[in-house]
Amino acid sequence: DTGVSQDPRHKITKRGQNVTFRCDPISEHNRLYWYRQTLGQGPEFLTYFQNEAQLEKSRLLSDRFSAERPKGSFSTLEIQRTEQGDSAMYLCASSFSPSGVSYEQYFGPGTRLTVT
Amino acid sequence: KQEVTQIPAALSVPEGENLVLNCSFTDSAIYNLQWFRQDPGKGLTSLLLIQSSQREQTSGRLNASLDKSSGRSTLYIAASQPGDSATYLCAVTPGAQKLVFGQGTRLTINP
Numbered sequence: 001d002t003g004v005s006q007d008p009r010h011k012i013t014k015r016g017q018n019v020t021f022r023c024d025p026i027s028e029h030n031r032l033y034w035y036r037q038t039l040g041q042g043p044e045f046l047t048y049f050q051n052e053a054q055l056e057k058s059r060l061l062s063d064r065f066s067a068e069r070p071k072g073s074f075s076t077l078e079i080q081r082t083e084q085g086d087s088a089m090y091l092c093a094s095s096f097s098p099s100g101v102s103y104e105q106y107f108g109p110g111t112r113l114t115v116t
Numbered sequence: 001k002q003e004v005t006q007i008p009a010a011l012s013v014p015e016g017e018n019l020v021l022n023c024s025f026t027d028s029a030i031y032n033l034q035w036f037r038q039d040p041g042k043g044l045t046s047l048l049l050i051q052s053s054q055r056e057q058t059s060g061r062l063n064a065s066l067d068k069s070s071g072r073s074t075l076y077i078a079a080s081q082p083g084d085s086a087t088y089l090c091a092v093t094p095g096a097q098k099l100v101f102g103q104g105t106r107l108t109i110n111p
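The listed protein sequences correspond, in order, to chains A and B. If you're matching positions, the first sequence starts at 1 in the numbering used here and goes up one per residue. If you're matching positions, the second sequence starts at 1 in the numbering used here and goes up one per residue.
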C-alpha cells in the first residue's frame, strides 16, 4: 500500500492554457474524490467517482473543468482555459466503500496550481 | 446546507500543555466525522474517524469526541509537543459521500 499519489506536485501555467492533473488512489479503493483548497481555507468538494462512474459534481466545477476515471483506477482532472482564480491546491482522496457508505478518506499530497 | 465551524482559528501554547480544539456543525444528520492534520503546503493526514454511532475515538495522545445532538466535536491533544504544530481540520460526511470541511485551527506549540 503506497498511499494516494498525485502528479505533478506543482504546476505553473499562463492564463488561458489547459492543464491536467493525475491521481492514483490506493489500489483496492473504489471511491475517488477531488477537492480544491485555497490559502487559509478548508478543502472544498469538487467531484467523486465510484469505480468509473462520476456520481456527483459540485457547482464549483464549471464547464471548464472535467474529470475522468476511465478504468476505475487512476483519475485525471483537466482545467481548460485557466484563470487566475483557479490557482489553488487540488487534492485527491480515496476510500473503500463497499456498501455505499463513505468510510475513511485518505488524501494525496496535492497538486499546487499557480496561474500567472 | 451543512456548515462546519472551527474555533479558534489559531492557537499558540507552550510545550507540554494539554489542549482542546473545537468543531461544530449545523446539521446533526452525519455519517461520520474525521479529524485531519495538514502541514504547510502538504496534503491531509487522517488522524481519527468517528462513526455516527460512536461517541469517541483515541489514538495515542489524541482523543476525539462526538456529540451529534449538539452538533459538536472536540479534539483533545495531551502533552503537546513542537511536532504537533500544524493546521487541524475537522470534516463531516453529511450524505455518506463527500466531506464538508471547517476552515481549520492553526496550532503552534512553543518549545
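Treat the hints as calculated values from the structure; they're not laboratory data. Please read all numbers here as calculations on a predicted model, not as lab measurements. Hints should not be assumed to be uniformly reliable.
To be verified - To give an idea of the chain A side of the interface with chain B (calculated C-beta under 10 Å), a few residues:
{"#": "1", "residue": "Tyr48"}
{"#": "2", "residue": "Arg64"}
{"#": "3", "residue": "Gly72"}
{"#": "4", "residue": "Ser73"}
{"#": "5", "residue": "Phe74"}
{"#": "6", "residue": "Glu83"}
{"#": "7", "residue": "Phe96"}
{"#": "8", "residue": "Ser97"}
{"#": "9", "residue": "Pro98"}
{"#": "10", "residue": "Gly108"}
{"#": "11", "residue": "Leu113"}
{"#": "12", "residue": "Thr114"}
{"#": "13", "residue": "Val115"}
Stated by the list, open to error - The list that follows gives simulated cross-link-like pairs (lysine to any residue, SDA-like), each with its CA atoms no further than 20 Å apart:
{"#": "14", "chain 1": "B", "residue 1": "Lys42", "chain 2": "A", "residue 2": "Pro109"}
{"#": "15", "chain 1": "B", "residue 1": "Lys42", "chain 2": "A", "residue 2": "Lys57"}
{"#": "16", "chain 1": "B", "residue 1": "Lys68", "chain 2": "A", "residue 2": "Glu104"}
{"#": "17", "chain 1": "B", "residue 1": "Lys42", "chain 2": "A", "residue 2": "Ser5"}
{"#": "18", "chain 1": "A", "residue 1": "Lys14", "chain 2": "A", "residue 2": "Glu104"}
{"#": "19", "chain 1": "A", "residue 1": "Lys57", "chain 2": "A", "residue 2": "Glu78"}
{"#": "20", "chain 1": "B", "residue 1": "Lys42", "chain 2": "A", "residue 2": "Arg22"}
{"#": "21", "chain 1": "A", "residue 1": "Lys11", "chain 2": "B", "residue 2": "Lys68"}
{"#": "22", "chain 1": "B", "residue 1": "Lys42", "chain 2": "A", "residue 2": "Thr2"}
{"#": "23", "chain 1": "B", "residue 1": "Lys42", "chain 2": "A", "residue 2": "Lys14"}
We put the beta carbon where it would ideally sit given N, CA and C, even for glycine.
Do the hints match the structure? See the list:
For the restraint placing Tyr48 of chain A at the interface with chain B, the shortest Cβ-Cβ distance is roughly 6 Å, inside the 10 Å limit, so the hint holds. With a least beta-carbon distance of about 21 Å to chain B, the hint placing Arg64 of chain A at the interface is violated under the 10 Å criterion. Because the beta carbon of Gly72 of chain A sits about 17 Å from the nearest beta carbon in chain B, more than 10 Å, this interface hint is broken. Given hint, Ser73 of chain A at the interface with chain B, is violated; its Cβ is 19 Å from that chain's nearest Cβ, farther than 10 Å.
Because the closest C-beta pair between Phe74 of chain A and chain B is about 17 Å apart, greater than 10 Å, the hint is violated. For Glu83 of chain A, the interface hint is violated, since its Cβ never comes within 10 Å of a Cβ in chain B; the closest pair sits about 22 Å apart. Of the supplied interface hints, the one on Phe96 of chain A is violated, with its beta-carbon coming no nearer than about 12 Å to a beta-carbon of chain B, more than 10 Å. Interface hint at Ser97 of chain A: satisfied, since its Cβ lies 8 Å from the closest Cβ of chain B, which is below the 10 Å cut-off.
This hint is violated: Pro98 of chain A has a C-beta 12 Å from the nearest C-beta of chain B, more than the 10 Å allowed. About 5 Å separates the beta-carbon of Gly108 of chain A from the nearest beta-carbon of chain B, less than 10 Å, and the hint is met. The beta carbon of Leu113 of chain A is not positioned within 10 Å of any beta carbon in chain B (closest approach about 13 Å), and the interface hint is therefore violated. About 12 Å separates the beta-carbon of Thr114 of chain A from the nearest beta-carbon of chain B, more than 10 Å, and the hint is not met.
The criterion of a C-beta within 10 Å of any C-beta in chain B is not met by Val115 of chain A, whose closest approach is roughly 17 Å, and the hint is violated. Using a Cα cut-off of 20 Å, the hinted pair Lys42 of chain B and Pro109 of chain A holds, with the two alpha carbons roughly 6 Å apart. Restraint check for Lys42 of chain B and Lys57 of chain A: not satisfied, since their Cα atoms lie roughly 24 Å apart, outside the 20 Å limit. Proximity of Lys68 of chain B to Glu104 of chain A is assessed by CA-CA distance (about 18 Å); at most 20 Å being required, the pair is judged to hold.
Simply put, Lys42 of chain B and Ser5 of chain A have alpha-carbon atoms about 12 Å apart, close enough for the 20 Å limit, and the pair holds. Our distance criterion of 20 Å between C-alpha atoms is broken by Lys14 of chain A and Glu104 of chain A, whose separation comes to about 36 Å. At most 20 Å may separate the alpha-carbon atoms for a hinted pair to count; Lys57 of chain A and Glu78 of chain A meet this at roughly 14 Å. Between Lys42 of chain B and Arg22 of chain A the alpha-carbon distance is near 17 Å, which keeps this suggested pair within the 20 Å criterion.
A threshold of 20 Å between alpha carbons decides the hint, and for Lys11 of chain A with Lys68 of chain B the separation of about 40 Å lies outside it, so the pair is violated. Restraint check: the Cα-Cα separation between Lys42 of chain B and Thr2 of chain A comes to about 17 Å, which is no more than 20 Å; the hinted pair holds. Between Lys42 of chain B and Lys14 of chain A, the direct Cα distance comes to roughly 23 Å. Violation of the 20 Å bound is thereby established for this hinted pair.
Checked against the numbered hints given earlier, the structure breaks hints 2, 3, 4, 5, 6, 7, 9, 11, 12, 13, 15, 18, 21, 23 and satisfies all the rest.
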